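Here is how the chains run, residue by residue.
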Amino acid sequence: MTKSKKNHGVLYLGIDLGTSRTSISASNGERETVSSFVGYAKDSVAEKSLGKSTLFGDDALAKRMSVDLYRPLSKGVIQEGEDTVHGNGDKEGNLRAAADLIKEIIARAKPRADELVYAVIGAPAEASIHNKEAILNAARGSVDSVMLCSEPFAVAYGLDMLDDVLVIDIGAGTVDLCRMHGTMPEESDQLTLTYGGDFVDAAFRERLEATLEGASFSPKMVKDAKERYASVADSMEPAIVNFPVNGKPTTFDVTDQLREACRLIIPPIVEGLGKLVASFDPEFQDRLKDRVLLAGGGSQIKGLDTAIEACMHDMLGRGTVQRIEEPMYGGANGALKIAHDMPAEYWEQLK
Amino acid sequence: MSQGLFNPREIHHLMVAEFDRSVRFGTPLAFLQIGVDRLGYLHDLYGEESRQEILSAINDLLRASTRASDLLGYPDGDRILAAVPHIEGEHADLLAERLVSGARGLTFEADGRTLRITVSIGLAHTADGTTSFDKMVQHARDAADLASVKGGDRFHRVRPDVAPKVELSPGAPVPAPSDTQFQDALLAESLKQALSGEGGHALLAQELLGKIMAEVETRFEDSSSGDSRHEMLERRVAKLGDMLSRTEAQLRSVLSSQGPEGVASVYQDVQGLDSSESNVGQKKDLLTAIFDANLRMKKIIEEDKSSSNTQGNQST
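Protein chains in written order, with the working numbering: chain A, 546 to 896; chain B, 126 to 441.
Treat the hints as calculated values from the structure; they're not laboratory data. Hints may be right or wrong, so weigh each one.
To be verified - Mimicking BS3-like on lysine-lysine, the simulated pairs with C-alpha atoms at most 25 angstroms apart in a straight line are:
1) A:Lys648 with B:Lys430
2) B:Lys364 with A:Lys847
3) A:Lys765 with B:Lys275
4) B:Lys423 with A:Lys648
5) A:Lys636 with A:Lys597
6) A:Lys608 with A:Lys648
7) A:Lys896 with B:Lys424
8) A:Lys648 with A:Lys896
9) A:Lys896 with B:Lys408
10) A:Lys636 with B:Lys364
11) A:Lys597 with A:Lys655
12) B:Lys423 with A:Lys896
13) A:Lys608 with A:Lys765
14) B:Lys409 with A:Lys896
15) B:Lys430 with B:Lys408
16) B:Lys275 with A:Lys847
17) A:Lys587 with A:Lys765
18) B:Lys409 with B:Lys423
19) B:Lys275 with A:Lys768
20) A:Lys896 with B:Lys430
21) A:Lys636 with B:Lys408
Unchecked claim - Over 12 angstroms on every C-beta distance to chain A, these chain B residues come out as not near it, computed from the model:
22) Pro133
23) His137
24) Leu186
25) Pro200
26) Gly202
27) Gly214
28) Glu215
29) Asp218
30) Glu222
31) Gly254
32) Asp267
33) Leu271
Said to hold, decoys possible - Some but not every residue of chain A turned toward chain B, in silico, with C-beta under 8 angstroms:
34) Val579
35) Met692
36) Asp798
37) Asp801
38) Glu870
39) Tyr891
Just so you know, these numbers come straight off a predicted model, no measurement behind them. Cβ coordinates follow ideal geometry from the N, Cα and C atoms, glycine included.
With the hints as extra help, turn the sequences into a complete structure.
Spelled out as structure tokens, the structure:
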């Protein structure tokens with residue numbers, strides 16, 4: 546099949562549906578990221594004031610007093626219980642919010658009315674069948690055909706690194722570790738840890754509460770400070786924040802607290818890598834240790850690649866970690882490439 | 126607080142003299158404006174004594190890193206201005222890098238904790254075509270502001286006359302890979318030329334230009350420090366150059382053929398969505414495995430649905 550025929554009339558989408566952010570890469574060149582929040586106007590007065598009934602991303606978060614706020618994903622999958630950080634916990638509401646979020650991110654890819662839309666969505670390897678079904682149902686209203694694939698696999702596929710590679714995908718909810726050895730990763734090739742961005746936020750918040758007497762701060766303020774300054778390096782720029790004390794803005798240096806919180810994720814990640822390495826063919830273990838890819842939003846923590854390398858040297862004898870160049874779009878770009886490479890007949894059969 | 130540095134009036138007078146001398150004899154001259162990142166916050170947190178200690182250490186670092194004949198002074202505020210005569214552009218870059226790196230190694234004790242600082246440095250050089258003293262001072266100040274806005278811990282050099290003179294003819298000299306600003310201008314100019322004379326595609330040109338420039342900006346923000354940062358920037362410049370070549374080829378093709386995909390097809394090669402991939406057999410197996418897994422899932426879901434429908438009908 547020639548390229549022009551393959552591409553003609555079809556828009557391919559790669560979607561990284563994340564707990565914190567949802568990103569899309571499209572074959573028409575569009576790329577978008579939106580925070581995974583959905584807000585529905587609480588009443589008609591709020592709707593009139595907001596100018597619309599549904600808000601997404603940071604807009605929804607900024608207007609959280611006027612909307613019913615949903616953070617539909619937890620640990621990379623649609624929430625079905627009460628485990629919520631910011632949003633509502635009802636299952637139906639989260640399903641609706643997830644569907645609206647997917648619809649919105651697809652709309653931002655600007656599909657033409659006359660195009661077929663084929664999407665690959667990255668999902669955590671350990672997502673249940675019910676949750677995968679929920680993600681598929683949420684997407685089906687907006688696309689003609691959809692497939693799911695493992696998130697770290699998508700990252701590796703996007704970079705053409707399919708043989709003897711360890712992928713670390715640090716998301717907000719989870720850290721997914723995946724061993725690639727030329728075939729589809731099986732269950733034994735993948736590990737999901739709960740030491741993602743939310744874990745760092747919680748640890749950072751604990752330390753702030755213990756050390757900043759009288760200061761008040763919201764989860765968003767903690768997250769903003771983390772995203773601005775996160776680093777594990779000994780020499781990092783001072784993390785200076787302004788938190789109110791008795792209503793008065795007060796400046797604090799939270800460098801040490803942030804560094805400590807960020808460093809907590811390193812040992813469990815390296816332990817997980819160790820497990821995947823140990824169960825691999827001994828002849829190729831060193832090669833595996835020398836080909837570690839660091840991806841996901843959490844990979845933007847400054848110095849994390851070097852720190853993981855150092856920890857690998859201590860615990861595993863050696864290690865070389867390469868941070869991917871586009872942490873926010875690594876998963877979406879890989880999913881897009883899978884979508885594009887997938888034979889047309891496969892898409893047809895899944896309609 | 127002068128700490129042995131020239132005051133604003135003195136440093137201005139001396140710098141004017143150095144600039145005039147540089148113009149008259151054609152000798153190179155660099156102005157550097159050095160500021161400590163977030164010094165105001167550090168002052169608020171740890172007091173005036175700490176601020177003075179930091180400035181004093183920066184002063185010592187400058188003195189140790191420059192020659193006795195170089196001029197150091199406070200033009201205004203807390204930034205220090207250095208006028209460095211008889212220094213070539215590349216050596217001025219090295220000096221700025223050395224100062225940024227040196228500042229990283231400074232440590233201070235305050236309230237029982239160890240503080241580390243970083244600096245932002247703006248650099249202007251006569252080789253960059255600056256024609257007046259005021260402009261050169263302004264360029265150093267603007268560059269320091271830009272270095273600070275980009276997160277600090279870096280230096281920035283303003284080269285006002287370099288970018289517009291970019292030549293794209295085959296024999297044109299290739300700029301040094303580390304000169305990222307020059308490379309950005311080169312990318313922009315190349316795209317414009319690729320579409321020159323095709324007025325109907327001005328929007329396309331702007332869109333592409335915006336995307337590439339935004340990417341360059343984003344990648345600058347992400348970059349880490351030291352040698353690895355330098356290597357990363359070189360790799361990115363090489364990658365962007367490659368993307369540009371493919372974009373240009375695609376643009377020419379689209380403009381000549383007006384193919385069925387229109388401008389959207391430009392991105393497909395650029396984003397690695399071409400069909401001439403390596404590992405074709407291996408990828409086909411992997412894609413088939415993904416498809417099989419999704420097909421199995423679809424069947425399980427359909428079976429679940431039909432069995433629950435059956436149960437529903439029986440109960441009614």
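Checked hints:
A hinted pair counts as satisfied when its Cα atoms are at most 25 angstroms apart, and A:Lys648 with B:Lys430 qualifies at roughly 24 angstroms. For a cut-off of 25 angstroms, the pair hint linking B:Lys364 to A:Lys847 stands: about 22 angstroms separates their Cα positions. Among the hinted pairs, A:Lys765 with B:Lys275 is consistent with the structure: their alpha-carbon atoms are about 23 angstroms apart, no more than 25 angstroms. Restraint check: the Cα-Cα separation between B:Lys423 and A:Lys648 comes to about 21 angstroms, which is no more than 25 angstroms; the hinted pair holds.
Taken as a hint, the A:Lys636 and A:Lys597 pair is honoured in the structure, with Cα atoms around 24 angstroms apart against an allowance of 25 angstroms. This hinted pair checks out: A:Lys608 and A:Lys648 have alpha carbons roughly 21 angstroms apart, not beyond 25 angstroms. For the given pair, A:Lys896 sits about 12 angstroms from B:Lys424 by alpha-carbon distance, which is consistent with the 25 angstroms threshold. Our distance criterion of 25 angstroms between C-alpha atoms is met by A:Lys648 and A:Lys896, whose separation comes to about 17 angstroms.
The suggested pairing of A:Lys896 with B:Lys408 holds, with an alpha-carbon distance near 22 angstroms, which does not exceed 25 angstroms. Restraint check for A:Lys636 and B:Lys364: the C-alpha separation of about 45 angstroms exceeds 25 angstroms, so the hint is violated. Pair hint A:Lys597 plus A:Lys655 holds up; C-alpha atoms about 20 angstroms apart against a cutoff of 25 angstroms. Taken as a hint, the B:Lys423 and A:Lys896 pair is honoured in the structure, with Cα atoms around 10 angstroms apart against an allowance of 25 angstroms.
Straight-line distance between C-alpha atoms of A:Lys608 and A:Lys765 comes to about 13 angstroms, which keeps the hinted pair within the 25 angstroms bound. With a C-alpha separation of about 20 angstroms, the suggested pairing of B:Lys409 with A:Lys896 holds against the 25 angstroms cut-off. Taking the CA atoms of B:Lys430 and B:Lys408, the gap is about 33 angstroms. The hint is violated against a cut of 25 angstroms. A hinted pair counts as satisfied when its Cα atoms are at most 25 angstroms apart, and B:Lys275 with A:Lys847 qualifies at roughly 15 angstroms.
For a cut-off of 25 angstroms, the pair hint linking A:Lys587 to A:Lys765 stands: about 21 angstroms separates their Cα positions. Our distance criterion of 25 angstroms between C-alpha atoms is met by B:Lys409 and B:Lys423, whose separation comes to about 21 angstroms. The hinted pair formed by B:Lys275 and A:Lys768 meets the criterion: a straight-line CA distance of about 20 angstroms does not exceed 25 angstroms. Note on A:Lys896 and B:Lys430: the hinted pairing holds, with a Cα-Cα distance of about 17 angstroms set against a maximum of 25 angstroms.
Of the supplied pair hints, the one linking A:Lys636 and B:Lys408 is violated, its CA atoms being roughly 37 angstroms apart against a limit of 25 angstroms. No beta-carbon of chain A comes within 12 angstroms of the beta-carbon of B:Pro133; the shortest separation is about 28 angstroms. For B:His137, the non-interface assignment is confirmed: its Cβ lies about 31 angstroms from the closest Cβ of chain A, beyond the 12 angstroms cut-off. The claim that B:Leu186 lies off the interface holds: its Cβ sits roughly 15 angstroms from the closest Cβ of chain A, which is beyond the 12 angstroms cut-off.
Every Cβ of chain A is farther than 12 angstroms from the Cβ of B:Pro200; the closest lies at roughly 25 angstroms, confirming the non-interface assignment. Separation of B:Gly202 from chain A is adequate, the least Cβ-Cβ distance of about 19 angstroms exceeding the 12 angstroms criterion. Non-interface call for B:Gly214 relative to chain A: holds, since the shortest CB-CB distance, roughly 28 angstroms, exceeds 12 angstroms. The Cβ of B:Glu215 lies farther than 12 angstroms from every Cβ of chain A, with a closest approach of about 27 angstroms, so its non-interface assignment holds.
In this structure B:Asp218 is separated from chain A by more than 12 angstroms, as the shortest Cβ-Cβ distance comes to about 22 angstroms. Against the 12 angstroms criterion, B:Glu222 stays outside the reach of chain A, whose nearest CB is about 16 angstroms from its own CB. For B:Gly254, the requirement that its beta carbon stay farther than 12 angstroms from each beta carbon of chain A is met, with the minimum near 33 angstroms. For B:Asp267, the condition that its CB be more than 12 angstroms from all CB atoms of chain A holds, with the nearest at approximately 22 angstroms.
Non-interface call for B:Leu271 relative to chain A: holds, since the shortest CB-CB distance, roughly 17 angstroms, exceeds 12 angstroms. Taking 8 angstroms as the C-beta cut-off, the interface hint given for A:Val579 is violated, the closest approach to chain B being about 16 angstroms. At its closest, the beta carbon of A:Met692 sits 5 angstroms from a beta carbon of chain B; the interface hint therefore holds under the 8 angstroms criterion. Below 8 angstroms, beta-carbon pairs count as interface contacts, and A:Asp798 has one with chain B at about 5 angstroms; its hint therefore holds.
Restraint check, A:Asp801 versus chain B: the minimum CB separation of about 7 angstroms is within 8 angstroms; hint holds. Evaluation of the A:Glu870 hint against chain B yields a held restraint, the C-beta minimum of about 7 angstroms falling below 8 angstroms. With its C-beta approaching chain B no nearer than about 4 angstroms, A:Tyr891 sits inside the 8 angstroms limit, and its interface hint holds.
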